[in-house]
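> Each chain is listed here by its residues.
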Amino acid sequence: MPKLKSAADLEKLRQEIQNKAQGKKVVSVTNGADGRARGSQEVVQALVKEIEKQGLKDKVLVKSTGCHGFCEKEPIVVIFPEEICYVEVKPADVPEIVSATLAQGKIIERLLYQDPNSGKRISKESEIPFYKAQNRVVLGNNRFIDMESIDDYIALGGYSALAKALTKMTPEDVLSQIKESNLKGRGGGGFPAGRKWETTRNAPGKIKYAIVNAHEGEPSAFMDRAILLGNPHSVLEGLIIGAYAIGASQGYIYLRHDSPQTIDVVNKALTQAEHYGLLGKNILGSGFDFNVELHRDIGIFVSGESTALMTSIEGSVPEPRPKYIHTSVSGIHQRPTNLNNVETWANVPLIIGKGVAWFTGIGTEVSKGTKIISLAGNINNTGLVEVPMGVTLRELVYDIGGGIPGKKKLKAVYIGGPLGGCLPESQLNLKVDFDELWEAGAPIGAGSMIVMDETNCMVNFARYFLNFLADESCGKCIPCREGVYQMLKIMNRICQGEGREGDIELLTEISVVVMDASLCALGQTAPNPVLGTIKHFRKEYEAHIEQKRCPTGVCQMLAVVGRG
Amino acid sequence: MSEVTLTIDDKEVKAKEGMTVLEAAQEAGFDIPTLCHHDKLAPYGGCRLCTVEVNDGRRTRLVTSCVYQVKDGITVKTESEKVVRIRKLLLELLWARAPGVQALRDYGIKYGIDRTKFDIGPTCCILCGQCVRYCAEVKKKNALGFVGRGIRRQVMFFPEIAVEECAKCGGECFSICPTGVLPSNYALTQLPGFTFPTRFLG
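Chains as they are written, first to last, in this note's numbering: chain A, 392 to 955; chain B, 15 to 216.
Since the hints were derived computationally from the structure, they do not count as laboratory data.
Treat the hints with care, as some may be off.
What the hints assert, rightly or not - Lysine-lysine pairs mimicking DSS-like chemistry, simulated, CA-CA at most 25 Å apart: (1) 30/B x 714/A; (2) 85/B x 714/A; (3) 416/A x 515/A.
Since this is a predicted model, take the numbers as computed values, not measurements.
Please put together the full structure from these sequences, using the hints given.
This is the structure in structure tokens:
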């Protein structure tokens, strides 16, 4: 296929791809990192072999897809067009799937998802309660797309938003649409993407950069990986559209070095896009040039911080630098640089393609669109969920998450990773909304949510996060390096039954200084887990310190726990 | 370069655009404490002792004066209650790390800190990074650098560069080290009979 030279070329290609796939059955297997850990790669291999063996090669397409969201039940096999969904499939189940379902259309009862409440077997993926309450506009296409196939993305209408932006809109039009949509940054800050783009666009300088921050480092967060792995071209398309609006000529995708599968998939996506002329010079004949490079981190949490990330791309050690002058004005090599998170970029083609009204129709007054949340901790349905903004936390935990295993009582949810905050059971009616959660002291951050039940010790939990942060602090500034370390030492001794009177006050005193004086967001928010748990669960701290007793029995008093 | 006017602790101060608040304050005779700032080096913002309170007409916030640039009309408070609270705790935190350092003791007298409530650790280095940055920025040799992160961060000489370059330079970094322990660190690279494993010599 030669390079696409116009929007019409793209449409022609789309038609060809769609025609080729017509009438074929599709078997889609979740084969992301989480699926592979549960043997999905073997399932894919067995499927390919068995289909060939049974002579169905021309009638069935096997797609190795990214995560569909329901990590708990992977590997999941979905057969289209019937949408028959088999969960926890093993290679041994494959011959039966091929001979019964693919060849004869029969459903294998035992492989279907069983609703734990009603005991009913559910055959369609979209009717599983976990998926039913979601609105999967960003993640939804993952199940139709082979991770390594740009054609699958194009067949679903991919890159049509880019074609629209490049051929029918000026950069100013694109910018004003994004501003109008009030798309807020999904990476943590919740800053309006349109305003950020505008600052970069208006900043002086010929060379500008656009970055996808795919450095998802906090424990329990796995949404960016799922998007980038499952649908890399949606992020890439968003990036190209954004670069067009901003006037950037060079883009970067900043990835973790320790996710080889994602690196592989993104590299292939970049090559394919270049091959079709969707990257490079004169994209779709519009005269717009844009290149994207993949950049890997060196394995430290703080390199996901915007200034550290840019220092890293410059080739130095990823240590944050002061940003009294915004990176939108002075970023990589002091040039205007716009950085957005994976999920933010993935929303861009949807807004341009489907229109602002469609996007603002989803969500609450202040927070528009959907949010992907990673459900983790003590919850039945661990996985990725995409919900419209405005869903309550209770719905997330009980309707989508399926409640807590063993019918235990919920104690708290922890939102936003180590830099987020915790909310006790009484605040479960809060909505997923940037402002509402921020005011409650649990900023949504990148969207991870950890559920804790009555058997979890909140003090030990805060200690765990603090341990992570002390370990990941770069060590450049004193409050973060020394302050968080001293806090960890205090937390360690509390958890070991050696807490002293006044420790809670001392923790608070250090926290205030660490938050006020630290250089970057890591230090400025590092005390959050401790402050949040002190606020809501002070009694547990007091039991540890005064009675040398862990109410849940998690902390083994006088045992050596952790470092420090 | 145009001139800007700012107020530092109720005194009107003139400064050149592009200067940092710390530079402007030092020029006007204010003594803002700092452990990582050096005139020959680029602003670093590591020790945070020079934190001051700035009001830019919209809001008051804490900024690091060695990296925050002057703006016309801003008001700076160098010793506000919040600022002093931060400095005191930072000094205590550093004291726990390196209790014998003279610069800490001097600032300790100013802020009434002569002990720390934290357990004292075993090092003598305050990780201000002046030596590392001096070698990189002024000498352009990178004979020493930071190794490790967080609390495990430390300054180390890289023997394969140090053995070549340090003798030529004569240890200019020693004289700027506020702690005086740097020479002993270097001495390790000069041990008699010290040979480099060949894989480092490439």
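> All hints are to be evaluated individually against the structure, with a verdict given for each.
Do the hints match the structure? See the list:
1. At most 25 Å may separate the alpha-carbon atoms for a hinted pair to count; residue 30/B and residue 714/A meet this at roughly 20 Å.
2. For the hint pairing residue 85/B with residue 714/A, the CA-to-CA distance comes to about 15 Å; that is within 25 Å, so the pair holds.
3. With a C-alpha separation of about 15 Å, the suggested pairing of residue 416/A with residue 515/A holds against the 25 Å cut-off.
Hint compliance for this structure: no hint is broken.
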